[in-house]
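Peer 1: Listed here are the chains, written in short residue letters.
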Amino acid sequence: MPRVADIAIGVLWPLRVSAFLARTVVAGLRGPPAKDTLMLTVRLLLRSIPVVVIVTFFAGAMLTVQAAVSLSGFGAASMSGLIVGFGGVREVFPLLAGGSLAARTGAELASQLQAMRVTRQVEALEMMGLDSLQLLVAPRIIACIIGGPLCVVAAMVSGLVGAHIIGVFQLGIDRGAMWGALLQAVGTVDVIVGVVKGLVLGLLVGVVATFEGFCSDETGPRSVGRAANRAVIRSMVVVCAASLALSMLIYGRLVQT
Amino acid sequence: MKRADITVDTRADVQAAIELIQVTKRFGDRVILDNVDLVIARGRTTALLGPSGTGKSTLLRLATGLLAPEQGTVKTLGVDVFGASKSDLLALRRRMGMLFQDNALFGSLSVFDNVAFPLRRVARANEATVKRRVAELLGMVGLPDVGDRTPDRLSGGQRKRIALARAIALEPELVLFDEPTSGLDPQTSASIDHLIKDTQQRLGITFVVITHDVESARLIADDVGMLDNGTVRVFGSREAVWASTDPVVRAFLDRVPVQQ
Numbered sequence: 001m002p003r004v005a006d007i008a009i010g011v012l013w014p015l016r017v018s019a020f021l022a023r024t025v026v027a028g029l030r031g032p033p034a035k036d037t038l039m040l041t042v043r044l045l046l047r048s049i050p051v052v053v054i055v056t057f058f059a060g061a062m063l064t065v066q067a068a069v070s071l072s073g074f075g076a077a078s079m080s081g082l083i084v085g086f087g088g089v090r091e092v093f094p095l096l097a098g099g100s101l102a103a104r105t106g107a108e109l110a111s112q113l114q115a116m117r118v119t120r121q122v123e124a125l126e127m128m129g130l131d132s133l134q135l136l137v138a139p140r141i142i143a144c145i146i147g148g149p150l151c152v153v154a155a156m157v158s159g160l161v162g163a164h165i166i167g168v169f170q171l172g173i174d175r176g177a178m179w180g181a182l183l184q185a186v187g188t189v190d191v192i193v194g195v196v197k198g199l200v201l202g203l204l205v206g207v208v209a210t211f212e213g214f215c216s217d218e219t220g221p222r223s224v225g226r227a228a229n230r231a232v233i234r235s236m237v238v239v240c241a242a243s244l245a246l247s248m249l250i251y252g253r254l255v256q257t
Numbered sequence: 258m259k260r261a262d263i264t265v266d267t268r269a270d271v272q273a274a275i276e277l278i279q280v281t282k283r284f285g286d287r288v289i290l291d292n293v294d295l296v297i298a299r300g301r302t303t304a305l306l307g308p309s310g311t312g313k314s315t316l317l318r319l320a321t322g323l324l325a326p327e328q329g330t331v332k333t334l335g336v337d338v339f340g341a342s343k344s345d346l347l348a349l350r351r352r353m354g355m356l357f358q359d360n361a362l363f364g365s366l367s368v369f370d371n372v373a374f375p376l377r378r379v380a381r382a383n384e385a386t387v388k389r390r391v392a393e394l395l396g397m398v399g400l401p402d403v404g405d406r407t408p409d410r411l412s413g414g415q416r417k418r419i420a421l422a423r424a425i426a427l428e429p430e431l432v433l434f435d436e437p438t439s440g441l442d443p444q445t446s447a448s449i450d451h452l453i454k455d456t457q458q459r460l461g462i463t464f465v466v467i468t469h470d471v472e473s474a475r476l477i478a479d480d481v482g483m484l485d486n487g488t489v490r491v492f493g494s495r496e497a498v499w500a501s502t503d504p505v506v507r508a509f510l511d512r513v514p515v516q517q
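Just so you know, the protein sequences line up as chains A and B, in that order. Start counting the first sequence at 1; every next residue gets the next number (my numbering). Start counting the second sequence at 258; every next residue gets the next number (my numbering).
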């Protein structure tokens, strides 16, 4: 049974994260360190893109298998590209990019900041008269905002490569038919929507992960692992909820009943 | 006002580096500091002694604004810490240095970059000035040749020296030490004590040292205070405190075992 205090903490959590974001925006407006932000962005991309590429390659391939199986009953396996386009490019690939970002970078950011908190490095910065939100948190969130869309684009490309390899080379779907169906489903607008999703998911992963690392009251070495764990779980949940909300907002109005 | 009867020096006439006026601090139901008044003089080394958990580190964090009291006023270098705006508080902290118990060196940076950090980020010094000043500071703490190492490749005493070099890099008016000899062997502790004493004499600034190391306090301090049960049990010159006949003070200074 969850305790009343735990429920209260859960209810207050979004408010605390929002307040943390507001404070970080105010601190960030004073100018986060450009060199640190650039280095963090490069590091994020180097660490997250390989995970994104591997995960979405297999997701694209599996989506194609299921699309081909289900459509072959209607003699329309060549239309598998439609499902890869609607389901993969619009939904699954951006979602997996956000999830991979949460798992790889979210855990790293939270553990870094919690370790700095535990070893008093954050206090040391503040004792130098420096703003730790401006110096530590803002660059990490900006790196996630920059990295999010790039991860989504990488996810789309990798997912389509996976779909192509399995669909064309393994299942024998005609290349022209596969890509023709795909391009019926997906246009430039969908890529732009994916990039916007990447921005939002990157922001959410960055804020949740830095909040869990920076704002924890826990002490001791174990708190580092716990912060990383919380960051991954909570940013995954937020990424899923935000993906659904964005899909309903952007594509929900296109439903004809 | 919770000041122990046997306080030997009210410090009413000194210029204060840190002043606590009727300060109370609680963690949950536990009272850490109970209506405490304290004046720490400028230009001297003051050691605050006391058993673990008596609020020594809390007192340091109150003086820096890292913690807020439930009640009372804290003035550091003449600034009302909790009446100041955030920018004023950050400006106040630039006039202070702090040596943390665990040193709080940045593990991802070299020793040189650790010491250079406040010079680059706070003072915005040019690189030639940074190099000259870091070399000077590393020489001052007796480690001129370790600049390219990372902190994890140094001994505990060496890390403490580097932390001191970083703490005094911006030529602060006040340096706070949180258990500077904690976890060090007796010889290394003694060398750190001498370094603190020599550095204070060379710079002539205010040092406040939180410690439960009686020998260390006796060597480095001009003034000594002892915290006990949330109050300042005794405060005064080192000689006066060491001459105290108060049983609690004597038991601590003479290392009488605590009855469990």
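Please keep in mind that the hints were generated in silico from the structure rather than gathered at the bench. Mixed in with the good hints there might be a few duds.
Estimated spans, in silico, between C-beta atoms of each pair [said to hold, decoys possible]:
no., chain 1, residue 1, chain 2, residue 2, range
1, A, Arg222, B, Arg475, 33 to 39 angstroms
2, A, Val161, B, Arg381, 54 to 60 angstroms
3, B, Gly440, A, Arg226, 21 to 27 angstroms
4, B, Glu327, A, Arg226, 26 to 32 angstroms
5, B, Ile278, A, Ile250, 56 to 62 angstroms
6, A, Leu12, B, Ala497, 50 to 56 angstroms
7, B, Gln444, A, Ser18, 50 to 56 angstroms
Yeah, the Cβ is synthetic: ideal placement off N, Cα and C, and Gly gets one too.
Peer 1: Which of the numbered hints are not met once you compare them with the structure shown?
Peer 2: When the structure is compared with the hints, only number 2 turns out to be violated.
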